[in-house]
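Protein chains: 2
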Amino acid sequence: MISVVIIGSGNVATHLAATFLKVDTIAMTQINSRNLNSIPPADVTIIAVSDNAISEVSSKITNSFVVHTSGSVTMDALKNTGSKGVFYPLQSFSKEKTVDFTQIPFCLEAENKDDLSKLETLVSVLNGKIYHINSEQRKSIHVAAVFVNNFTNHMYTIADDICKQYDVPFEILTPLIEETSLKIKNLSPKEAQTGPAKRNDTETIQNHLNLLSRAQQDIYLKITQSILDYGKKL
Amino acid sequence: MISVVIIGSGNVATHLAATFLKVDTIAMTQINSRNLNSIPPADVTIIAVSDNAISEVSSKITNSFVVHTSGSVTMDALKNTGSKGVFYPLQSFSKEKTVDFTQIPFCLEAENKDDLSKLETLVSVLNGKIYHINSEQRKSIHVAAVFVNNFTNHMYTIADDICKQYDVPFEILTPLIEETSLKIKNLSPKEAQTGPAKRNDTETIQNHLNLLSRAQQDIYLKITQSILDYGKKL
Numbered sequence: 017m018i019s020v021v022i023i024g025s026g027n028v029a030t031h032l033a034a035t036f037l038k039v040d041t042i043a044m045t046q047i048n049s050r051n052l053n054s055i056p057p058a059d060v061t062i063i064a065v066s067d068n069a070i071s072e073v074s075s076k077i078t079n080s081f082v083v084h085t086s087g088s089v090t091m092d093a094l095k096n097t098g099s100k101g102v103f104y105p106l107q108s109f110s111k112e113k114t115v116d117f118t119q120i121p122f123c124l125e126a127e128n129k130d131d132l133s134k135l136e137t138l139v140s141v142l143n144g145k146i147y148h149i150n151s152e153q154r155k156s157i158h159v160a161a162v163f164v165n166n167f168t169n170h171m172y173t174i175a176d177d178i179c180k181q182y183d184v185p186f187e188i189l190t191p192l193i194e195e196t197s198l199k200i201k202n203l204s205p206k207e208a209q210t211g212p213a214k215r216n217d218t219e220t221i222q223n224h225l226n227l228l229s230r231a232q233q234d235i236y237l238k239i240t241q242s243i244l245d246y247g248k249k250l
Numbered sequence: 017m018i019s020v021v022i023i024g025s026g027n028v029a030t031h032l033a034a035t036f037l038k039v040d041t042i043a044m045t046q047i048n049s050r051n052l053n054s055i056p057p058a059d060v061t062i063i064a065v066s067d068n069a070i071s072e073v074s075s076k077i078t079n080s081f082v083v084h085t086s087g088s089v090t091m092d093a094l095k096n097t098g099s100k101g102v103f104y105p106l107q108s109f110s111k112e113k114t115v116d117f118t119q120i121p122f123c124l125e126a127e128n129k130d131d132l133s134k135l136e137t138l139v140s141v142l143n144g145k146i147y148h149i150n151s152e153q154r155k156s157i158h159v160a161a162v163f164v165n166n167f168t169n170h171m172y173t174i175a176d177d178i179c180k181q182y183d184v185p186f187e188i189l190t191p192l193i194e195e196t197s198l199k200i201k202n203l204s205p206k207e208a209q210t211g212p213a214k215r216n217d218t219e220t221i222q223n224h225l226n227l228l229s230r231a232q233q234d235i236y237l238k239i240t241q242s243i244l245d246y247g248k249k250l
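Going down the list, the protein sequences come from chains G and U. So for the first sequence, the numbering used here puts the first residue at 17; every next one is plus one. So for the second sequence, the numbering used here puts the first residue at 17; every next one is plus one.
Hints in this document: simulated from the structure, not taken from any laboratory. The structure displayed is predicted, hence computed values, not measured ones. The reader is advised that the hints may include incorrect statements.
Where chains are identical, the list cannot tell them apart; a pair therefore holds if satisfied intra-copy or between any two copies.
Unchecked claim - Lysine-lysine pairs mimicking BS3-like chemistry, simulated, CA-CA at most 30 Å apart: (1) 199 to 129; (2) 111 to 248; (3) 134 to 180; (4) 111 to 206; (5) 38 to 111; (6) 180 to 248; (7) 201 to 129; (8) 201 to 238; (9) 129 to 248; (10) 145 to 180.
Assemble the whole structure, with the sequences as input and the hints as a guide.
This is how it looks when you write it as structure tokens:
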């Protein structure tokens with residue numbers, strides 16, 4: 017039996033707590049961060065609060081081993097007196113959707129092997145994937161995640177706008193979107209790159225620009241130039 | 017029985033031909049575009065050649081109904097004497113990977129109902145999805161496809177570069193990439209948007225910029241600004 021306390025009430029806290037509660041070998045307590053004077057002792061205390069609250073919340077916890085769940089905050093930001101660690105699930109969480117942690121990568125960091133093995137146990141019961149990642153690497157993963165998640169989603173937003181403009185249903189693009197995301201399981205992104213920018217097909221690029229609004233042209237040109245520049249680097 | 021001739025030897029021609037060959041109710045002939053003097057008659061003649069060859073190739077064909085497969089070329093670009101149409105499968109094709117046409121959207125256009133229904137029959141036997149799309153709409157779809165496919169793939173390329181720079185395996189991002197692509201089946205891209213740009217979290221944005229090369233910073237800032245601008249439009 018391993019005892020876990022989760023502090024926080026956001027998406028990550030809620031999804032982790034809901035999943036741990038279903039596991040027989042875990043004793044789970046979830047606590048609101050306004051309730052820090054009544055924290056029970058636990059093998060692992062998980063702080064899942066907003067990045068800028070991590071230091072303050074952790075400073076009030078006397079439990080033996082405290083971790084946070086953030087991609088962009090170093091382990092040293094924890095101000096508890098006991099030992100420290102990081103338990104960062106690399107996935108996009110939203111309120112509406114239940115999370116299947118199976119195969120989700122967990123970036124783990126701890127000050128010693130015993131603590132690390134506790135975190136590994138938690139990932140195992142969630143059927144997640146274990147990665148040992150230090151604080152600097154984790155920050156870089158967080159930036160890379162912005163590109164593949166936030167920025168990619170913005171590409172979808174612009175496409176959606178173009179579809180609306182020409183009275184085309186956006187759903188027509190979903191098979192292509194899915195194929196694009198699956199392709200890079202077998203090919204590197206550089207190998208998977210296609211399109212007018214990759215071919216430097218200036219005629220098609222000009223035809224595309226003619227269909228776009230000023231703001232859309234702006235971003236189209238910027239990314240096209242970036243693809244061309246990356247092509248030269250190969 | 018419906019007879020089909022496919023002209024061309026590229027990815028689209030090859031995948032379409034391979035699939036039609038397996039269908040009992042279709043009589044299929046595939047012909048190289050250098051072989052235009054020996055084209056048999058057919059119910060549907062499909063020109064699957066590069067965009068800039070469509071006019072010339074079509075001008076040499078006397079068959080009754082000729083279509084091209086391009087997203088960015090108007091129906092009028094066909095120069096055959098018979099009737100014209102478009103049969104544009106909206107998917108990313110590559111040599112290495114077999115294509116499952118099930119659920120793939122086909123953008124159809126024709127000059128009359130009889131011809132359109134022949135194209136609909138072909139889509140049905142492929143188990144694809146039928147969309148009636150005129151030439152202007154199809155061009156807009158082609159641009160939108162550049163955003164969700166080529167530009168999204170470039171986001172993956174930059175993320176891959178960041179991972180290499182910090183010695184992190186790119187595969188750690190694949191579950192997030194997949195989730196990002198699946199999310200917009202239930203949410204509009206605008207609703208699905210998250211991240212520091214959406215929240216205008218200038219501290220995290222600055223931390224991210226500190227980790228990036230000059231060229232990466234440049235594109236990060238551009239897309240961040242675009243997300244901020246789109247946020248204001250809501």
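Results for each hint:
1. 199 to 129: neither (37 Å within a copy, 37 Å between copies)
2. 111 to 248: Result: close only across copies, 23 Å inter versus 42 Å intra.
3. 134 to 180: For residue 134 and residue 180, only the inter-copy Cα distance (29 Å) is at most 30 Å; the intra-copy one is 50 Å.
4. 111 to 206: between (34 Å within a copy, 16 Å between copies)
5. 38 to 111: Intra 19 Å, inter 46 Å, cutoff 30 Å: intra-copy only.
6. 180 to 248: Between copies only: 18 Å across, 35 Å inside.
7. 201 to 129: Neither: 32 Å inside a copy, 42 Å across copies.
8. 201 to 238: Intra 26 Å, inter 28 Å, cutoff 30 Å: intra and inter.
9. 129 to 248: neither (45 Å within a copy, 48 Å between copies)
10. 145 to 180: The answer is between: 20 Å across copies meets 30 Å, while 40 Å in one copy does not.
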